[in-house]
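Undergrad: Single-letter residue listing:
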Amino acid sequence: MTYLEAHKKPGRRTAGIISGIGAVVVLFFMILYFWLPHLLPALWTTVAKPFWRAQFSLLDGSMQSPDYVLKENADLRQQLADLTVRSQTIQATLDENVELKSLLGRASSTPSILAAIIERPPYSPYDQFIIDAGADHNFVVGSRVYAADGVLIGTISDVLSQTSKVQLYSSPGNTIQVTIGPSHIPTTATGRGGGQYEADLPRDVSVTVGDYVQAPLLNDSTFAVVTAVESDPTRPFEKILFAPPINIFQLRWVMVEVKSKS
Amino acid sequence: MPFKSLMRIILDIIIFFCVIFGLWFVAVPIAIIAAWYYSFYLEFILAGIIYDSLFGMVKGMGLWGYSGTIVAVIGLLLVIGLKKVLRR
Chain A
1 MTYLEAHKKP GRRTAGIISG IGAVVVLFFM ILYFWLPHLL PALWTTVAKP
51 FWRAQFSLLD GSMQSPDYVL KENADLRQQL ADLTVRSQTI QATLDENVEL
101 KSLLGRASST PSILAAIIER PPYSPYDQFI IDAGADHNFV VGSRVYAADG
151 VLIGTISDVL SQTSKVQLYS SPGNTIQVTI GPSHIPTTAT GRGGGQYEAD
201 LPRDVSVTVG DYVQAPLLND STFAVVTAVE SDPTRPFEKI LFAPPINIFQ
251 LRWVMVEVKS KS
Chain B
1 MPFKSLMRII LDIIIFFCVI FGLWFVAVPI AIIAAWYYSF YLEFILAGII
51 YDSLFGMVKG MGLWGYSGTI VAVIGLLLVI GLKKVLRR
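Those protein sequences? They're chains A and B, same order as listed. Under my numbering, think of the first position of the first sequence as 1, with each following residue one higher. Under my numbering, think of the first position of the second sequence as 1, with each following residue one higher.
Certain hints may be false.
What the hints assert, rightly or not - A few chain B residues facing chain A, derived, Cβ under 7 Å: (1) Gly22; (2) Val26; (3) Leu46; (4) Ile50; (5) Ser53; (6) Phe55; (7) Val58.
Unchecked claim - The following residues of chain B were derived to be distant from chain A, with all beta-carbon distances above 12 Å: (8) Met1; (9) Lys4; (10) Leu6; (11) Met7; (12) Leu11; (13) Ile33; (14) Tyr38; (15) Gly48; (16) Met57.
Worth flagging that the hints you see were computed from the coordinates, not collected in a lab. Yeah, the Cβ is synthetic: ideal placement off N, Cα and C, and Gly gets one too.
The following block holds chain B by itself, in its conformation from the complex:
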């Protein structure tokens, strides 16, 4: 297996464990770095969905209950946009 693919799997596992233990402040920087290094790193959005599923998505929380997904989508779009601008 190519090193790049293996590294992606390892990063996915690290992010997964950070998310299930609520360590979003560790998962987000790792996901941003991974999104910069890999193209269309949709695992970032999946991590946000998992975080919200475990600790959010409760009526009464409002948008805070989906903060993980929102942060993930915005973060991924920012990284994609920044990559396009810098690599033009």
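Same shape as in the complex, but just chain A:
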């Protein structure tokens, strides 16, 4: 007598295939991680780079109509004329600052290279972007990256032949030592992502929106500006939120410190 199976047994062949695929994938990544860490990044960056450059040219206005470019040129010339007067005053102050530092034996002459941000993945778990210079410009992992006016925003986390990945200090979970306000209150800032930081200070400490934040272990210029102070009477600490004085999402160019080969 033949009995029909009441239950269909699980497909052992399919489970075996899936397990095999999983084992191969894991082994593949282990080999890559330990022996060839830059093989896949270099390969796919080479494939993606022409598309990123096309996107950068489009957003930068290189593909706009001549009339649009001429109008933009005129607007920018006017803005430049207005800013020139202001910058002359600032430059005089900067020159005096450099001169005073050199007199004190603390002159800084770190060379840096301009790099374009060619890709910035949205909603990424890490605050990062990709710039169009890499080992060909002697970049190394750990080189500091600055935005306009010398605002320090991050470091290079990976270097390929012609591109580099920049990880921002504001990456979620990243911590740095900072001082806040005119009293230079020391505290630990934690990255929240999206160019934002947060720090906890005792409630009786006087910090207001607009106070400057510095990171003395990184550099001596303004690191961020306080954007909000969240105070809860039931908590002994208040949360200080701050962000760089520039909008990192509108950045098109950055300066990268070039470390001399030792």
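Chain A is fixed; fit chain B onto it per the hints.
TA: Relative to chain A, chain B alone:
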């Protein structure tokens, strides 16, 4: 070329461009739908690998540097398992 194969190629191209521009939130739903419609849609895993190659795989990121591949593998396995259960 059969319509189904042509559609698969078109979906692969869309997912590829979404991945290289970092639009994982567009690529993942499309890949899940494609994995449901096609059998053994391994392009899902390849898309995850490409995303990690471009934007991850950095020392210090830990497992976050491989999040694309992990999501792709888990997503594909879930879809395959769900298909088997629903079509039993």
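Undergrad: Take the hints in turn and mark each one as holding or not.
TA: Right, here's what the structure says about each hint:
1. Gly22: For Gly22/B, the interface hint holds, since the closest Cβ of chain A sits about 3 Å away, which is under 7 Å.
2. Val26: violated (10 Å)
3. Leu46: violated (10 Å)
4. Ile50: holds (5 Å)
5. Ser53: holds (4 Å)
6. Phe55: Interface hint status for Phe55/B: holds (5 Å vs cutoff 7 Å).
7. Val58: Given a least distance of 5 Å, the restraint on Val58/B holds.
8. Met1: holds (24 Å)
9. Lys4: holds (21 Å)
10. Leu6: Label holds. Min Cβ-Cβ 23 Å, cutoff 12 Å.
11. Met7: Given that every Cβ of chain A is farther than 12 Å from that of Met7/B, nearest at about 23 Å, it holds.
12. Leu11: holds (18 Å)
13. Ile33: The claim holds: Ile33/B sits with its nearest Cβ about 20 Å from chain A, beyond 12 Å.
14. Tyr38: holds (16 Å)
15. Gly48: Violated, since 10 Å does not exceed 12 Å.
16. Met57: violated (6 Å)
Violated hints for the displayed structure, listed by number in ascending order: 2, 3, 15, 16.
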